[in-house]
Amino acid sequence: MSTLNVANVTDGTTSVPTGYVVNGSAKAWVRYYQLTPAISKSFNVSSVTDVGTGQSTVNFTAGLDGIEYPAPTNQSFSASELGVWSWNAGASATQVRTRNLSSADVDRAYNLAQFGDLA
Amino acid sequence: MIAHLWDRLADAKARLDPVQSKYRVLFENPAEPEAPAAVLVPDPNFMAAALAGNVLPPIDTYIRDQSVPDGQPKEHPYAEPVGAMTEEEAIEYLVMKDISPSIWRDYNGNRTIMKIVPVELIPSDRSFRNAWKINQAEQEIAA
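Residue numbers (my numbering), protein chains in the order written: chain A, 1 to 119; chain B, 1 to 143.
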């Protein structure tokens, strides 16, 4: 594996410090189907724990250096639902919950991206 | 110099095909007896890295890192990678990494609270998902 050690990245017109690229990259992401349950697409995820209807935990292979980093989520099942959100974002795992308009937990496919500094 | 685990994972993802495991891990938390059984789903890219070898750190580095405070240097990102595992060894690794030691190491009660099972044994009907429990009549652990 080769390493490029550069301070800036440029497209010929605009130049940005590499720190912007590193800090702005998702450190883990996953596409998860709760109904199956199965992981279809991912990076830096070791497993997903199906905890119950509409509840799961995404476990990271390379952990973060702290807790409560941003972990945006989305699901595309229906606009008429409360949706999906992450909570209790930890250094090694983040929990995810999906709910319908009646505030009932429901099984859905969702995407999660985890940002933050690596351990 | 050993590359960071995150960089090794990126390299592995670029060169290895994902591997869908034929196993799932069912487990119950003895501290929450009313909670349903949980199902651990192995990640296909993680499985590919485990089977290929020279990507993942030793499992004991994760266990030691659990007691390292946030913000302090962790051992697992730069630990010397371990060699190739069998699928069964990779599942055992995942159990120790992603399931609390209170379940796989410390529990000494009479209930079976963890089972490694073929994926076909996970019910496809999730109508009563929140009532799932490990069948105590069947003591065999799938291999």
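Hints may be right or wrong, so weigh each one.
Unchecked claim - Now the in silico label distances, taken between C-beta atoms and shown as ranges:
hint	chain 1	residue 1	chain 2	residue 2	range
1	A	Gly12	B	Asp125	33 to 39 Å
2	B	Glu75	A	Tyr69	18 to 24 Å
3	B	Ser102	A	Leu4	42 to 48 Å
4	A	Thr14	B	Glu120	24 to 30 Å
5	B	Glu120	A	Glu68	36 to 42 Å
6	A	Ser40	B	Gly53	22 to 28 Å
Claimed, not checked - Just some of the chain B residues that point at chain A, by a computed CB distance under 10 Å:
hint	residue
7	His76
8	Asp98
9	Ile99
10	Ala137
Claimed, not checked - Think about it this way: if two alpha-carbon atoms lie no more than 25 Å apart in a straight line, the pair counts; the simulated PhoX-like pairs of lysine-lysine are:
hint	chain 1	residue 1	chain 2	residue 2
11	B	Lys22	A	Lys41
12	B	Lys133	B	Lys13
13	B	Lys133	B	Lys115
14	B	Lys22	B	Lys133
15	A	Lys41	B	Lys133
Simulated from the structure, these hints should not be mistaken for laboratory data. Computed from a prediction, not measured in an experiment: that's the story for all the values here. Ideal Cβ placement from N, Cα and C applies to all residues, glycine included.
(message) Flag every earlier hint the structure violates by its number, smallest first.
(response) Of the numbered hints, 1, 4, 10, 12, 15 do not hold.
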